[in-house]
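Peer 1: Okay, here's what each chain looks like letter by letter:
There are 2 protein chains.
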Amino acid sequence: MSKDKQFVTEITPQSEDFSRWYIDVIKKAELMDYSPVRGCIVFRPDGYELWELCQRELDAKFKETGHRNAYFPLLIPESFFQKEKEHVEGFNPELPFVTEAGGELLEEKLAIRPTSETMFGHMYSKWIQSYRDLPLLINQWANVIRWEKRTLPFMRTSEFLWQEGHTAHETEEEARQETMQMLEIYREFVENFLAIPVITGQKTPSEKFAGAMDTFSIEAMMKDGRAVQAGTSHYLGTNFAKAFDIKFLDRENTQQFVHTTSWGVSTRLIGALIMVHGDDRGLALPPKVAPTQVIMIPIGPPKTRDAVIGRTDELFKELKKAGVRVKVDDRADQSPGWKFNEYEMRGVPVRLELGPRDMENGVCVLVSRVSGEKRVVSQDNLVTEVNQMLQEIHDQMFENAKQFRDDNFLSVDTLDELKADMEVKRGFYLAGWCGSNACEHTVKEETGATSRNIPFEPKQTKSNCLVCGEDAQHTVVFARAY
Amino acid sequence: MSKDKQFVTEITPQSEDFSRWYIDVIKKAELMDYSPVRGCIVFRPDGYELWELCQRELDAKFKETGHRNAYFPLLIPESFFQKEKEHVEGFNPELPFVTEAGGELLEEKLAIRPTSETMFGHMYSKWIQSYRDLPLLINQWANVIRWEKRTLPFMRTSEFLWQEGHTAHETEEEARQETMQMLEIYREFVENFLAIPVITGQKTPSEKFAGAMDTFSIEAMMKDGRAVQAGTSHYLGTNFAKAFDIKFLDRENTQQFVHTTSWGVSTRLIGALIMVHGDDRGLALPPKVAPTQVIMIPIGPPKTRDAVIGRTDELFKELKKAGVRVKVDDRADQSPGWKFNEYEMRGVPVRLELGPRDMENGVCVLVSRVSGEKRVVSQDNLVTEVNQMLQEIHDQMFENAKQFRDDNFLSVDTLDELKADMEVKRGFYLAGWCGSNACEHTVKEETGATSRNIPFEPKQTKSNCLVCGEDAQHTVVFARAY
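So the sequences go chain by chain: Y and V.
The first sequence runs 117 to 598 under the numbering used here.
The second sequence runs 117 to 598 under the numbering used here.
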């Protein structure tokens, strides 16, 4: 943050142009930069640290539930993608191929992994012989590439970072339990760590993962009303087991196919947390994932400066010792006003101001990035007060996001109703669906909205398909999505 | 560890065939598996966890010294490699190229990064304008590919995991300070965390990094006397700054080129720690990096089993709470003898045995993987005793490795002496060198030994070049290397 900004760039208001607002914010806050490779960004330190903090939290949860990390090759032989029929149809168009290496043409083209089911399948087939080898619970943190036509920083990049879990089980029941367990870990993480409310449900057949039996997702609404798929968990049945011959001798000494799952979240979550919580002043980072949770800004005239900075430093050490991610900006060459704007723009949840009058009174001022509230607190009780405000900010962010989502979540009975509303805005639409690909496709063709999922706990149960009017088999959420 | 091993595989003794010993051990201990992609391995959980523990320790040190993590693209445009002359000569032969993606031929071939100086150079050129933007201290944890002709698991794989730091500075002095600081961080880590003694020094011109002004390395000796380059730190001068136009306005308002550094360690360290500490019983993992530091094995007849297991569990919780990485193996279907062998093979530093007699006496037995010592300790003082033994094991491992290294580190005066010794063994050879590429090349041609580095603190200073007899400009370590 030591760079001279000769040209102050304003942030486009969200209401004026949400897409431009997003790019303005992520550039201004130095979260990323474009790279010379099509569709690939550079995750700058402030952007990458968001991912690091997500990783740390999620990795602990994976380990707690018995998973271990491993690392499988980046490159996957082209032939592997032919082995599972739906999988190849789904991913083939997006594969980048390495065709030459070490100065020579390769005998077989090697794809860069878009996801690693095939490589895991190949290795699991070697490692699994008996029920004693199950369950096999492995995760990897890695980069993958999907050569996208249209990209958007964090939200959809050709190369992105993620985690992909791949598990193998004795029974369908156990595999389904794992599928749902990981989905719940995702839901809990996205809601309680990132303060983003989600709708949990099952993907429709046309939207499920290429090669899965069932796909489940958590769907979030951005500030422009569009949807983001924040995480997915797949029950793969015996599809990949059959494709890669992953068998085991069961407890009755019979050869069986394993039942597998896979599940993943990616750096798209960074885009989501920006679009859910950010505002016209810039980023607003949920406290649990904010690299800096508290920025301390000593203020006042030169004559009290040393004393104020001295006390600031003491309080800084106290907060740091208590585990708060805290920084001090005591630079003399920037005004307090400039600093206030800067850290609001960078989304720091709490600003702590300390001036000579505060010193006299043994207090300091905490300012919330979300509400703007200025709270005078005793220096003696600082750690407690700061943690309290951080928790309140998290809760407020979640509530604000939930309120916005609920305000823009309409129940519709017909396609015309949906279209009419989409003339003027974006949002989530709860509707009945007969279950046919045709009607689902009609919605997409005519509105651009896709089915997001079939919620486990819909607000209402709808009776009739919004397109054809027949009895509804499912109540579905439709939305334009990122 | 729940797999039935129908076929017990013996470990080839080191003295019989060291290469086969190595492969036997890493396979038996399930650290890795071969993959269907040439030169690329799968890091299985027990192998990958070694890397995770290294990462955690190193990452903390990088953060402490002001570095931040970021993430740059995997793919680098072919043209970037043309910009720094030595760099292209060094890396071009090993590049894998992506030539098609999304079903189409690419306009420009994209290389998979072998190292990221060029991409960092390109972006730094955009981000750096003023001395206020310096120093720029960024690191990334990533995968890289170097299409190798001959590979060896962990030691030299086509794809490997590493960290690469790239920094830019105002002055040569500061950049050189950074270069040496990171080298010292590596030395301290490899010696004090991995218990591997190293020789710290400067690479000769012919051995330095392609594009560097000066390269510094830490060199370790494996149990077969061969050398491994355990880490490198490069002072790059203004080479990449000029190649990528990385300029800044200095404090006198003059445009200057930045001075850059880069430094890295990789998953080769896993191979090194196996080859330095392992023995004919299998792995021997240094305590600070061992995923499991203590394995608790309750023993005794069925009638006391429950009581023993109960007490084992209590002690397990105590150790766990104290931060020890501890596990219990109380499976009834494997004998204690089988378990003793198993965990020795897997390199667990301390085995804790608890039986009915120990229960009566309020003690348990700690067994060292390194010395085999069986130490009876009081259960009341267990955490202290365990930590004590772990520290002793670390110290013993380091001392053993250092003794072995010193015993196999000869001072030679002539090439003939070196050749004579290399008829019967491998080791490190301290020799004088005139400084000419020709003499250095002669040593390599005639013995296969390369110069490892010019030690900062050689045991002796040699007077004459071992090849030509002229005055020695440097005292050099030569060795056959991995």
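Be aware that one or more of the hints could be misleading.
As the list claims (entries may be wrong) - With a cut-off of at most 25 Å between alpha-carbon atoms, the simulated DSS-like pairs for lysine-lysine come out as follows:
{"id": "1", "chain 1": "V", "residue 1": "LYS177", "chain 2": "Y", "residue 2": "LYS436"}
{"id": "2", "chain 1": "Y", "residue 1": "LYS179", "chain 2": "V", "residue 2": "LYS443"}
{"id": "3", "chain 1": "V", "residue 1": "LYS433", "chain 2": "V", "residue 2": "LYS490"}
{"id": "4", "chain 1": "V", "residue 1": "LYS177", "chain 2": "Y", "residue 2": "LYS144"}
{"id": "5", "chain 1": "Y", "residue 1": "LYS436", "chain 2": "V", "residue 2": "LYS179"}
{"id": "6", "chain 1": "V", "residue 1": "LYS436", "chain 2": "Y", "residue 2": "LYS177"}
Stated by the list, open to error - Some chain V residues flagged as far from chain Y (calculated, every beta-carbon gap over 12 Å):
{"id": "7", "residue": "PRO209"}
{"id": "8", "residue": "LYS242"}
{"id": "9", "residue": "PHE373"}
{"id": "10", "residue": "ASP395"}
{"id": "11", "residue": "ASP446"}
{"id": "12", "residue": "GLY453"}
{"id": "13", "residue": "GLY488"}
{"id": "14", "residue": "GLU508"}
{"id": "15", "residue": "ASP511"}
Just so you know, the hints here were simulated from the structure itself, not pulled from any lab data.
As the structure is a computational prediction, the values presented were derived from the model and not from experiment.
Built from N, CA and C at the ideal position, the CB exists for glycine as well.
Peer 1: Now tell me, hint by hint, if it's right for this structure.
Peer 2: Results of checking the hints against the structure:
| no. | hint | verdict |
| --- | --- | --- |
| 1 | LYS177(V) x LYS436(Y) | holds, 18 Å |
| 2 | LYS179(Y) x LYS443(V) | holds, 15 Å |
| 3 | LYS433(V) x LYS490(V) | holds, 22 Å |
| 4 | LYS177(V) x LYS144(Y) | violated, 29 Å |
| 5 | LYS436(Y) x LYS179(V) | holds, 15 Å |
| 6 | LYS436(V) x LYS177(Y) | holds, 18 Å |
| 7 | PRO209 | violated, 6 Å |
| 8 | LYS242 | violated, 7 Å |
| 9 | PHE373 | holds, 19 Å |
| 10 | ASP395 | holds, 26 Å |
| 11 | ASP446 | holds, 16 Å |
| 12 | GLY453 | holds, 20 Å |
| 13 | GLY488 | holds, 30 Å |
| 14 | GLU508 | holds, 29 Å |
| 15 | ASP511 | holds, 30 Å |
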